[in-house]
Each structure stands twice: as structure tokens, then as C-alpha cells.
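Undergrad: From just these sequences and the hints, can you work out the full model?
When you read off a place in the sequence shown, starting at 1, and then add 564, the result is the number in the numbering used here.
What the hints contain is simulated information worked out from the structure, not anything from laboratory work. Please note that the accuracy of each hint is not assured.
List time: in silico DSS-like cross-link candidates among lysine-lysine, alpha-carbon distance up to 27 Å [claimed, not checked]:
#: 1; residue 1: Lys663; residue 2: Lys612
#: 2; residue 1: Lys663; residue 2: Lys684
#: 3; residue 1: Lys684; residue 2: Lys612
#: 4; residue 1: Lys684; residue 2: Lys723
#: 5; residue 1: Lys674; residue 2: Lys684
#: 6; residue 1: Lys674; residue 2: Lys663
This one's a predicted model, so the numbers in the text were calculated from it and none came from an experiment.
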Amino acid sequence: MSPSRPVQQDLGSLPEQLHGVLEPIVTGAGFELDDIDVRAAGRRHTVKVIVDSDNGVGLDDLAGLSRSVSAELDRHDHLINGSYTLEVTSPGVERPLTKARHWQRAHLRKVVITTTDGQKFTGRVGTAGAESVVVLVDGQARELRYADVRRATVEVEFKPAPEAELRALGAASAAQAEEES
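TA: Set out below in C-alpha cells:
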């Protein structure tokens, strides 16, 4: 007889199971459950819960949500065999734009895009729909299907967007917004 070993947990379906358990907690707190990442190091797990909101996510929000998520995970401890470290966070600037809502939140932001055919370019995000987004590239509006994007990330800008780009995307400039208010 061979000595018994601890059963290795299949992490493949665990994020989906946790998603079902945690989504009501996260949405009940007014946020969207963006992603769950579970990693194992020996018998210890790290559970990373990424939440987002149209209004942003503050540190106090994350602290309160972390307590709620931890309590819910304690009620479902059978899902995670062994001890775990919980991290509740918001997506960083480097988060890839993978869903229509990511593109909508990036409206008027500068993005770096690599298409599925290998083209790489920088543009400014215009109107984002369910299947595609308008991106201003070199002064020209271009409709880009999400299915044609391999990777896209927001590029941090340290100065306001050029007025000409905002006008080309039909956005009110900062000066116009001040005049109208």
C-alpha cells in the first residue's frame, strides 16, 4: 500500500464556483465582480477578487467589501480546501480592456491596441457599443470590433486630451463644459 497523499484540488472550476457565491455579495454592495483569480502554493491558496464600478472603488469600499467577502467564504469553506489569503482589489490601469463595459469606462482615454492580425497602434476611445468601439487613430475615426482586438490597455496621460481629438469624437471640451455650467 502506498502512503496516502492529500488530494490535490482542481482549481480549474473553483473561480466559477466562487463567482456564483460572491457575485451577490459584490453586486449587493454596489459593485461589479470583474474577475476572480485563485492560485495555489502548496496547501495555501490566494483568492484575488477584482471589483469595479462606474463611480470608482475607494479604499474604504474595498475594506468593507473584503470583510463581507471573507465572511461569505467562511460560510463556504468547503470550496477552498485549506487556508487562503484573500485580496479584494480594483482593476489597475494596466488592466486589459476585454469587455464592452471596460471600453465604455475608457471613453475619451488614450489606449494602446494590438489587433488579432498583429497591428499595433495608439488611439482615443470614442463611443463603445456591444460589439465594437470607435477609436480615433491619427485623426481618423475607426470602428474596431472587440473580436479583432488581441490586447488593449489604457495609456496614462499627464496632460488633458487635445481639443481637436475631443471634437473629432463629439465630446464637449473642458472649456465648453465650464461655459455650459
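Undergrad: State for each hint whether it applies.
TA: Hint check results:
At roughly 19 Å between alpha-carbon atoms, Lys663 and Lys612 fall within 27 Å of each other, so this suggested pair holds. Taking the CA atoms of Lys663 and Lys684, the gap is about 19 Å. The hint holds against a cut of 27 Å. A hinted pair counts as satisfied when its Cα atoms are at most 27 Å apart, and Lys684 with Lys612 does not qualify at roughly 30 Å. Restraint check for Lys684 and Lys723: satisfied, since their Cα atoms lie roughly 23 Å apart, inside the 27 Å limit.
For the proposed pair Lys674 and Lys684, the alpha carbon gap of about 14 Å is at most 27 Å, so the pair holds. Pair hint Lys674 plus Lys663 holds up; C-alpha atoms about 17 Å apart against a cutoff of 27 Å.
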